[in-house]
Amino acid sequence: MIHLSDVRKAFNQGKANEFWALKGIDLSVPAGKVTVFRGPSGSGKTTLLTLVGCLARPTSGRVRLKDRDISGLPERFLTDIRRSTFGFVFQQFNLLKGISALENVMIPAYPLGHDRKDLSRRAHGLMESLDIGAKAQSMAEWLSGGEAQRVAIARALINDPEVVIADEPTANLDSERSRQFLGIVETLKASGKTVLMTSHDPLVCDTAVVDHVVTLHDGQLVDSGA
Amino acid sequence: MRLWLNKQRNLLDFSLSSLSRRRGKTLGMLAVYTSIVFLLASVMLFSHAIRREAATVLAKSPEVLVQRMVAGRHDLIPARHLDAIKGIRGVQSAEGRLWGYLFDPAAVANYTLMVPTNPRIEPGKVVIGDGVVRARSADPGDLMSFRAHDGSLVQFKVDHTISRDSALVSADLFLVAEEDFRRLFGIAPGLFTDLAVSVRNPREVIKIAEKIDAALPDTRIILRDEILRTYESVFDWREGMLLVLLAGSILAFAIFSWEKASGLSAEERREIGILKAVGWETGDVIRLKMLEGLVVSLSAFLVGYLLAYAHVFHFGAGLFEPVLKGWAVLYPKYKLTPFVDELQVATLFFFTVFPYTIATVVPIWRAAIVDPDTVMR
Ligand SMILES: Nc1ncnc2c1ncn2[C@@H]1O[C@H](COP(=O)(O)OP(=O)(O)O)[C@@H](O)[C@H]1O
Ligand SMILES: [Mg+2]
Numbered sequence: 001m002i003h004l005s006d007v008r009k010a011f012n013q014g015k016a017n018e019f020w021a022l023k024g025i026d027l028s029v030p031a032g033k034v035t036v037f038r039g040p041s042g043s044g045k046t047t048l049l050t051l052v053g054c055l056a057r058p059t060s061g062r063v064r065l066k067d068r069d070i071s072g073l074p075e076r077f078l079t080d081i082r083r084s085t086f087g088f089v090f091q092q093f094n095l096l097k098g099i100s101a102l103e104n105v106m107i108p109a110y111p112l113g114h115d116r117k118d119l120s121r122r123a124h125g126l127m128e129s130l131d132i133g134a135k136a137q138s139m140a141e142w143l144s145g146g147e148a149q150r151v152a153i154a155r156a157l158i159n160d161p162e163v164v165i166a167d168e169p170t171a172n173l174d175s176e177r178s179r180q181f182l183g184i185v186e187t188l189k190a191s192g193k194t195v196l197m198t199s200h201d202p203l204v205c206d207t208a209v210v211d212h213v214v215t216l217h218d219g220q221l222v223d224s225g226a
Numbered sequence: 001m002r003l004w005l006n007k008q009r010n011l012l013d014f015s016l017s018s019l020s021r022r023r024g025k026t027l028g029m030l031a032v033y034t035s036i037v038f039l040l041a042s043v044m045l046f047s048h049a050i051r052r053e054a055a056t057v058l059a060k061s062p063e064v065l066v067q068r069m070v071a072g073r074h075d076l077i078p079a080r081h082l083d084a085i086k087g088i089r090g091v092q093s094a095e096g097r098l099w100g101y102l103f104d105p106a107a108v109a110n111y112t113l114m115v116p117t118n119p120r121i122e123p124g125k126v127v128i129g130d131g132v133v134r135a136r137s138a139d140p141g142d143l144m145s146f147r148a149h150d151g152s153l154v155q156f157k158v159d160h161t162i163s164r165d166s167a168l169v170s171a172d173l174f175l176v177a178e179e180d181f182r183r184l185f186g187i188a189p190g191l192f193t194d195l196a197v198s199v200r201n202p203r204e205v206i207k208i209a210e211k212i213d214a215a216l217p218d219t220r221i222i223l224r225d226e227i228l229r230t231y232e233s234v235f236d237w238r239e240g241m242l243l244v245l246l247a248g249s250i251l252a253f254a255i256f257s258w259e260k261a262s263g264l265s266a267e268e269r270r271e272i273g274i275l276k277a278v279g280w281e282t283g284d285v286i287r288l289k290m291l292e293g294l295v296v297s298l299s300a301f302l303v304g305y306l307l308a309y310a311h312v313f314h315f316g317a318g319l320f321e322p323v324l325k326g327w328a329v330l331y332p333k334y335k336l337t338p339f340v341d342e343l344q345v346a347t348l349f350f351f352t353v354f355p356y357t358i359a360t361v362v363p364i365w366r367a368a369i370v371d372p373d374t375v376m377r
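If you read the protein sequences in the order shown, they are chains A and B. Residue numbering for the first sequence follows UniProt numbering, starting at 1 and increasing by one per position. Residue numbering for the second sequence follows UniProt numbering, starting at 1 and increasing by one per position.
Just so you know, the hints here were simulated from the structure itself, not pulled from any lab data. Ideal Cβ placement from N, Cα and C applies to all residues, glycine included. Don't take each hint at face value.
What the hints assert, rightly or not - The calculated label-pair distances, taken between Cβ atoms and stated as ranges, are:
hint	chain 1	residue 1	chain 2	residue 2	range
1	B	340	A	76	43 to 51 Å
2	B	8	A	190	34 to 42 Å
3	B	283	A	11	22 to 30 Å
4	B	371	A	141	22 to 30 Å
5	A	69	B	27	44 to 52 Å
6	B	342	A	14	55 to 63 Å
7	B	371	A	97	16 to 24 Å
8	A	72	B	344	47 to 55 Å
9	B	23	A	31	43 to 51 Å
10	B	4	A	124	20 to 28 Å
11	B	27	A	66	44 to 52 Å
12	A	69	B	342	53 to 61 Å
13	B	371	A	69	17 to 25 Å
Using the sequences plus the hints, can you model the full thing?
Structure (structure tokens):
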């Protein structure tokens, strides 16, 4: 569903500290499968996720989403695609402090203009299914790591995206919570979602639910396939 | 349309919860902002109302005043001038007035003494203004005595006091009978302080003034319209002074609000990044911040204006009474007639709500065009 061809990404291009984080990536991410980007720290995993998820544009190369070239689209259209197609679970979870977990879950849907009651019901439902229904009214900053992540997952799912993207989802969790997370990934996959994550955790890469592991090193692919 | 409404509602709800999230900053801004609006609105409401008040009071005063000048100084005017004036065509009536100032050592205050003709005051009685009542804590029936020009004692019995509604001018009034006035100052019968002339056709005022001037070369003629202009300029001057003082605080406010509203904290920058990453458009983020700015500035405007209204019309503008009022030593204490000028409200609104909202949006704009991928770091 997502195809990258010869994608390169430079930071600080043209300056003294120019740095090529990705040096020519060719990659296909199949729909309805779980794909993991693996590699040492600094190898470009997160950068690759931002390109796939329309958070950033490649310096050169093409990114195609369902046969539509999105690498050259203006920001407005990217936002539209991002909102309807992708749900993000950030490494630091990035919940907004000072508001309830429930409101955090609802935020991505605000600009769509849904009825607030429906929206709240949907958010509650999602939180129930992720086993954090009891935390709906808690302030985001009081949640434990595992709870915060599940709130972040609920937020990623509120607009019912086709693709869920998670950056280092198990980096902040103990092994028990990590297994719980993989359980959630399994239900996501079962419901037809495409899941994309980065990880260098063998627990993640070797799980049955993972269909593809893509290994990165120094901004280049080392090996593709399962 | 429904979607659009829902969206605005959702954004407004979220902006309210954002504001309550930054409670300290929000309350601080609200407090400073409200007090600025309060001060500005107070000056505006007060000076406007007081000018109207003065105009109403002056409207009752004579259209033309004739004073006698001797060696360039205002002197008593003989009654025979009255006949000369009454002989001029277009003059409706003319009468001699007696007035002056009386220093009261007991209260260390000056009173404005006048002899009203309609209704007359009985000899030995006095009618006093509100300010005199307070200065001397005099009640009807009390006795007040003063030394006349020759050292003899003149005694007055307080008949009644003047109602408060036109206190701006009448606070220091001391109304006595003609006989008592002449006895106090030793003014012979047949002499007056000045002459009040009323004119049949208001458009002829200037022409008649010229005729009086020609017939009585030793006089000076004062037109009511001129007095009105003088008062206006006095108020303008005082108001101007206050506004200059206020300008300083407004400038400070502008800098403060720019600093507060425009200084995006790292936290806010991160939040904007998150909003954009989860699918908010730059426009949505700006709309959110604009709503936040509007909520703050609108509520500050409303609260500040209402407080100013209460301050000016219910609490007698206690804060600036000494500055804006006071050609009399005794400050009038009374309630101004409430009056709100739409243009004034609009001006104040424009100069407070508008800049603040802009100040909140400008830096957001800069932050909102930052790439959303920064939140992945
Ligand atoms: N905004 C940026 N400016 C400059 N260099 C960056 C920026 N973002 C990432 N990098 C560099 O790009 C490389 C790849 O980063 P990243 O994709 O985060 O790696 P990973 O997620 O695999 O640890 C790193 O060396 C990092 O320092
Ligand atoms: Mg990373």
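Verification of the supplied hints:
1. The given range of 43 to 51 Å is respected by residue 340 of chain B and residue 76 of chain A, whose C-beta atoms sit roughly 45 Å from each other.
2. Checked against the hint of 34 to 42 Å, the pair residue 8 of chain B and residue 190 of chain A passes, with Cβ atoms roughly 38 Å apart.
3. The hint said 22 to 30 Å for the Cβ distance between residue 283 of chain B and residue 11 of chain A, and at roughly 27 Å that hint holds.
4. Look at residue 371 of chain B against residue 141 of chain A: about 26 Å separates their beta carbons, and that is inside 22 to 30 Å.
5. For residue 69 of chain A and residue 27 of chain B, the hinted distance range of 44 to 52 Å is satisfied, since their beta carbons lie about 50 Å from each other.
6. Restraint check, residue 342 of chain B to residue 14 of chain A: a C-beta distance of roughly 57 Å satisfies the suggested window 55 to 63 Å.
7. Here the CB-CB span from residue 371 of chain B to residue 97 of chain A is close to 23 Å, well matched to the stated 16 to 24 Å.
8. Taking the beta carbon of each, residue 72 of chain A and residue 344 of chain B are about 54 Å apart, inside 47 to 55 Å as hinted.
9. A hinted range of 43 to 51 Å holds for the C-beta pair residue 23 of chain B and residue 31 of chain A, which are about 46 Å apart.
10. Between residue 4 of chain B and residue 124 of chain A, the C-beta spacing of about 25 Å keeps the proposed range 20 to 28 Å intact.
11. Between residue 27 of chain B and residue 66 of chain A the CB atoms are about 49 Å apart, so this pair conforms to the stated range of 44 to 52 Å.
12. For residue 69 of chain A and residue 342 of chain B, the hinted distance range of 53 to 61 Å is satisfied, since their beta carbons lie about 57 Å from each other.
13. Taken as a hint, the range 17 to 25 Å holds for the pair residue 371 of chain B and residue 69 of chain A, whose Cβ atoms sit roughly 19 Å apart.
Hint compliance for this structure: every hint is met.
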